[in-house]
Amino acid sequence: MNKKKNHYRAPIQDTFRKKSPFGQLLDHMGKVRECTLLLGDGLVNYSKGDYKNFSELTENVSKLEHEADIIKRNLRNHLPKSLFMPVDKGKFMWALREQDKILDHAENLVRMLDMRHTKIPKELQEIFIAHVKLVMKTVEAMEEAVENIKDLIETSFVKREREQTKKLIWKVHEYEWEADQKKYEMTQGIYKLEKKLAPMDVYHLLKISDWVDDIADHAENVADWLRSMIAR
Amino acid sequence: MDATFLLIIGGASAIAFYMAWSIGANDVANSMATAVGAKAITFKQAVTIAGVLSFVGAVFVGPHVAETIKGKIVNVGIISPNILLLGFVSSLLAAAIWVTVSTWKEMPISTTHSIIGALMGFGIIAGGMSSVNWGKVGSVAASWVLSPIAGCILAFLVFKIIVKLIFSKDDPVKSAKIIGPIIIGFTAFLITASLLLKTSLSKRFDISNSEGIIIAAIVSFIVGALGIVLLRKIKAKKVEDYSTVEGIFRKLQIITSCYVAFSHGANDVANAIGPVAGIIPLASTGEMSATADIPIALLALGGIGIAVGCMTWGRKVMRTVGGKITSLTNTRGFSVDFGAATTVLIASKLGLPISTSHTVVGAVIGVGLARGLEAVDLSIIKKIIVSWLLTLPIAAGTSITIFLCLRVIVG
Numbered sequence: 183m184n185k186k187k188n189h190y191r192a193p194i195q196d197t198f199r200k201k202s203p204f205g206q207l208l209d210h211m212g213k214v215r216e217c218t219l220l221l222g223d224g225l226v227n228y229s230k231g232d233y234k235n236f237s238e239l240t241e242n243v244s245k246l247e248h249e250a251d252i253i254k255r256n257l258r259n260h261l262p263k264s265l266f267m268p269v270d271k272g273k274f275m276w277a278l279r280e281q282d283k284i285l286d287h288a289e290n291l292v293r294m295l296d297m298r299h300t301k302i303p304k305e306l307q308e309i310f311i312a313h314v315k316l317v318m319k320t321v322e323a324m325e326e327a328v329e330n331i332k333d334l335i336e337t338s339f340v341k342r343e344r345e346q347t348k349k350l351i352w353k354v355h356e357y358e359w360e361a362d363q364k365k366y367e368m369t370q371g372i373y374k375l376e377k378k379l380a381p382m383d384v385y386h387l388l389k390i391s392d393w394v395d396d397i398a399d400h401a402e403n404v405a406d407w408l409r410s411m412i413a414r
Numbered sequence: 237m238d239a240t241f242l243l244i245i246g247g248a249s250a251i252a253f254y255m256a257w258s259i260g261a262n263d264v265a266n267s268m269a270t271a272v273g274a275k276a277i278t279f280k281q282a283v284t285i286a287g288v289l290s291f292v293g294a295v296f297v298g299p300h301v302a303e304t305i306k307g308k309i310v311n312v313g314i315i316s317p318n319i320l321l322l323g324f325v326s327s328l329l330a331a332a333i334w335v336t337v338s339t340w341k342e343m344p345i346s347t348t349h350s351i352i353g354a355l356m357g358f359g360i361i362a363g364g365m366s367s368v369n370w371g372k373v374g375s376v377a378a379s380w381v382l383s384p385i386a387g388c389i390l391a392f393l394v395f396k397i398i399v400k401l402i403f404s405k406d407d408p409v410k411s412a413k414i415i416g417p418i419i420i421g422f423t424a425f426l427i428t429a430s431l432l433l434k435t436s437l438s439k440r441f442d443i444s445n446s447e448g449i450i451i452a453a454i455v456s457f458i459v460g461a462l463g464i465v466l467l468r469k470i471k472a473k474k475v476e477d478y479s480t481v482e483g484i485f486r487k488l489q490i491i492t493s494c495y496v497a498f499s500h501g502a503n504d505v506a507n508a509i510g511p512v513a514g515i516i517p518l519a520s521t522g523e524m525s526a527t528a529d530i531p532i533a534l535l536a537l538g539g540i541g542i543a544v545g546c547m548t549w550g551r552k553v554m555r556t557v558g559g560k561i562t563s564l565t566n567t568r569g570f571s572v573d574f575g576a577a578t579t580v581l582i583a584s585k586l587g588l589p590i591s592t593s594h595t596v597v598g599a600v601i602g603v604g605l606a607r608g609l610e611a612v613d614l615s616i617i618k619k620i621i622v623s624w625l626l627t628l629p630i631a632a633g634t635s636i637t638i639f640l641c642l643r644v645i646v647g
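Residue numbers (this note's numbering), protein chains in the order written: chain A, 183 to 414; chain B, 237 to 647.
None of these hints come from the bench; they were simulated from the model. All residues carry an ideal CB built from backbone N, CA and C; glycine is no exception. Accuracy of the hints is not assured; some may be wrong.
Derived BS3-like pairs: lysine-lysine, alpha-carbon spacing no greater than 27 Å straight-line [as the list claims (entries may be wrong)]: (1) B:Lys618 with A:Lys341; (2) B:Lys487 with A:Lys263; (3) B:Lys618 with A:Lys332; (4) B:Lys473 with A:Lys273; (5) B:Lys405 with A:Lys349; (6) A:Lys377 with A:Lys283; (7) A:Lys341 with B:Lys473; (8) B:Lys474 with A:Lys332; (9) B:Lys405 with A:Lys332; (10) B:Lys396 with A:Lys332; (11) B:Lys400 with B:Lys469; (12) A:Lys349 with B:Lys396; (13) A:Lys271 with B:Lys400; (14) B:Lys585 with B:Lys275; (15) A:Lys341 with B:Lys400; (16) B:Lys487 with A:Lys332; (17) B:Lys619 with A:Lys332; (18) B:Lys400 with A:Lys332; (19) A:Lys332 with B:Lys275; (20) B:Lys405 with A:Lys353; (21) B:Lys474 with A:Lys349; (22) A:Lys271 with B:Lys618; (23) B:Lys410 with A:Lys349; (24) B:Lys400 with A:Lys349; (25) B:Lys619 with A:Lys271.
Pair by pair, the computed Cβ-Cβ distance ranges are [stated by the list, open to error]: (26) B:Val465 with A:Ile252: 47 to 53 Å; (27) A:Arg342 with B:Ile389: 57 to 63 Å; (28) A:Asn227 with B:Lys405: 47 to 53 Å; (29) B:Ala378 with A:Glu329: 44 to 50 Å; (30) B:Lys471 with A:Glu326: 47 to 53 Å; (31) B:Lys275 with A:Arg255: 28 to 34 Å; (32) A:Arg255 with B:Ile389: 36 to 42 Å; (33) B:Lys275 with A:Lys332: 14 to 20 Å; (34) B:Leu466 with A:Lys271: 37 to 43 Å; (35) B:Lys471 with A:Gln307: 48 to 54 Å; (36) B:Gly633 with A:Lys271: 40 to 46 Å.
All chains should be modelled from the sequences, with the hints used to inform the complete structure.
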């Protein structure tokens with residue numbers, strides 16, 4: 183920055199930082215949002231056997247993950263001990279970490295799918311799409327909850343805003359639970375078809391349903407850390 | 237009146253003007269940075285307003301602190317008048333140099349500390365340890381610690397009031413339209429009261445304390461009512477329309493920024509003209525008079541110096557600061573300004589020379605403690621403590637050096 187030119191005394195300016203950690207958390211969340219938008223449609227196309235643009239999607243998700251990583255690292259490396267924040271710094275970092283894991287898992291999922299185009303059996307397609315949609319809904323609900331941080335900060339954590347955030351967090355839990363149920367349905371469906379499918383297909387399908395569900399799990403973790411962050 | 241007298245007074249006044257200039261350049265950011273950063277006013281408006289109000293504060297509320305700086309730090313009775321004269325000049329010059337250097341070096345020092353350190357240094361060398369009024373220095377030092385704490389507590393309370401009465405309400409905009417003018421009315425009360433209680437203005441118009449309070453109450457009522465009228469058209473655009481609340485406070489913040497500039501002038505003008513006020517009776521009668529009034533022309537000189545400082549170098553300071561402050565929203569800036577200005581004004585009415593910048597920093601921390609800021613860098617506290625420890629010996633050392641040099645030259 184133009185630190186060198188700045189020879190004038192201004193102690194006050196140093197007490198509050200220009201770049202807000204919460205702003206960066208929201209930037210990071212923006213990357214997650216972009217990724218969910220890509221992933222939702224991409225996975226539906228994949229399940230229908232349309233692998234045409236999947237490599238491109240993988241590249242894009244990978245790029246987003248990398249960009250988010252830079253934000254995360256920047257934030258983590260520039261959070262000095264002397265920085266005083268209105269929330270617990272440890273909890274804040276955990277929320278960021280879990281939010282980053284969403285992208286890690288998304289990248290892992292699309293990379294694995296791109297490596298082996300496992301066909302989703304016709305019988306399971308509907309359940310798979312429903313599962314994907316529920317997972318994306320979980321992440322979207324989480325995004326909304328994180329977004330509400332803006333209002334929390336602005337009002338310095340008044341009760342009304344905290345209640346609102348809590349409601350949004352409840353939504354995350356609800357969707358995550360529903361996604362879990364769908365995952366078990368999916369697993370059950372795969373076992374039903376085990377005689378018909380090649381062993382490698384069964385293995386990969388089981389893995390895929392796990393990987394998809396991991397994303398929702400981490401979205402839920404973000405919501406949990408957010409909840410404990412705003413608790414008094 | 238002979239030539240030597242004029243020469244001495246002229247020289248001392250020039251140095252005092254230099255000191256006032258550096259004070260203005262230094263501290264303008266304290267009052268206006270938050271308003272400029274929040275885009276409530278432009279650079280030009282800020283430096284002009286700061287200059288004018290510092291001047292007004294200096295001329296009308298200044299004298300109380302000047303008394304302390306002038307006579308009470310050094311026990312003037314036991315030092316011969318000529319030495320005393322030299323000492324005051326060298327102290328002033330030493331303090332001014334140190335303020336300029338640290339402005340350049342970006343160190344968070346206090347102009348108030350500089351002048352007191354310089355006077356102490358001269359006192360020690362001229363009259364020995366016993367000539368420095370250590371009790372007074374101690375009480376002044378205590379007020380340095382207390383001023384950030386007072387700023388912190390006041391800003392914390394103001395921000396908590398804003399949160400409780402505005403943000404936690406179901407219709408924040410509606411509440412802001414009522415609470416904002418009330419706080420502004422209160423600000424007007426404090427400013428008017430400080431102008432009318434025991435100042436040159438009240439003496440001239442023969443206003444007693446109770447009359448002063450009544451006038452201040454009337455003024456505050458008018459200002460508050462005016463605020464309500466001006467804000468009545470603002471309506472919330474949606475539920476939880478916090479940006480409109482900030483918009484209201486953007487307007488109110490201009491007033492609190494002026495408040496800081498005003499109290500800064502009142503408080504800090506003494507640092508520049510206090511020693512000169514001691515020199516004038518010394519040079520004219522050869523004796524230190526205990527009751528000498530500080531002439532209004534001298535206050536005006538200091539006020540003009542601060543104003544010029546604001547408008548020249550202050551612009552540069554402001555540009556750096558204003559561009560950097562983005563995370564301080566209007567409600568926060570308002571709380572910081574109010575807490576700091578009230579502390580400084582009360583201290584200067586009590587005759588305590590406190591540091592404006594340290595009070596502002598204390599106020600920022602207060603808002604942070606009220607969960608109002610996204611991130612406060614507490615390492616600045618360490619810097620401030622270091623500057624506390626550094627300023628006194630350095631200013632004292634410089635003052636001693638200049639004093640010894642001058643003594644050799646003058647013989």
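Consistency of the hints with the structure:
no.	hint	verdict
1	B:Lys618 with A:Lys341	violated (34 Å)
2	B:Lys487 with A:Lys263	violated (35 Å)
3	B:Lys618 with A:Lys332	violated (30 Å)
4	B:Lys473 with A:Lys273	violated (34 Å)
5	B:Lys405 with A:Lys349	holds (19 Å)
6	A:Lys377 with A:Lys283	violated (35 Å)
7	A:Lys341 with B:Lys473	holds (22 Å)
8	B:Lys474 with A:Lys332	holds (16 Å)
9	B:Lys405 with A:Lys332	holds (17 Å)
10	B:Lys396 with A:Lys332	holds (18 Å)
11	B:Lys400 with B:Lys469	holds (23 Å)
12	A:Lys349 with B:Lys396	holds (25 Å)
13	A:Lys271 with B:Lys400	holds (25 Å)
14	B:Lys585 with B:Lys275	violated (32 Å)
15	A:Lys341 with B:Lys400	holds (10 Å)
16	B:Lys487 with A:Lys332	holds (22 Å)
17	B:Lys619 with A:Lys332	violated (31 Å)
18	B:Lys400 with A:Lys332	holds (18 Å)
19	A:Lys332 with B:Lys275	holds (20 Å)
20	B:Lys405 with A:Lys353	holds (25 Å)
21	B:Lys474 with A:Lys349	holds (20 Å)
22	A:Lys271 with B:Lys618	holds (21 Å)
23	B:Lys410 with A:Lys349	holds (26 Å)
24	B:Lys400 with A:Lys349	holds (22 Å)
25	B:Lys619 with A:Lys271	holds (23 Å)
26	B:Val465 with A:Ile252: 47 to 53 Å	holds (51 Å)
27	A:Arg342 with B:Ile389: 57 to 63 Å	violated (26 Å)
28	A:Asn227 with B:Lys405: 47 to 53 Å	holds (49 Å)
29	B:Ala378 with A:Glu329: 44 to 50 Å	holds (47 Å)
30	B:Lys471 with A:Glu326: 47 to 53 Å	violated (27 Å)
31	B:Lys275 with A:Arg255: 28 to 34 Å	holds (32 Å)
32	A:Arg255 with B:Ile389: 36 to 42 Å	holds (38 Å)
33	B:Lys275 with A:Lys332: 14 to 20 Å	holds (19 Å)
34	B:Leu466 with A:Lys271: 37 to 43 Å	holds (41 Å)
35	B:Lys471 with A:Gln307: 48 to 54 Å	holds (52 Å)
36	B:Gly633 with A:Lys271: 40 to 46 Å	holds (41 Å)
In terms of the numbered hints stated before, the structure departs from hints 1, 2, 3, 4, 6, 14, 17, 27 and 30, listed from lowest to highest.
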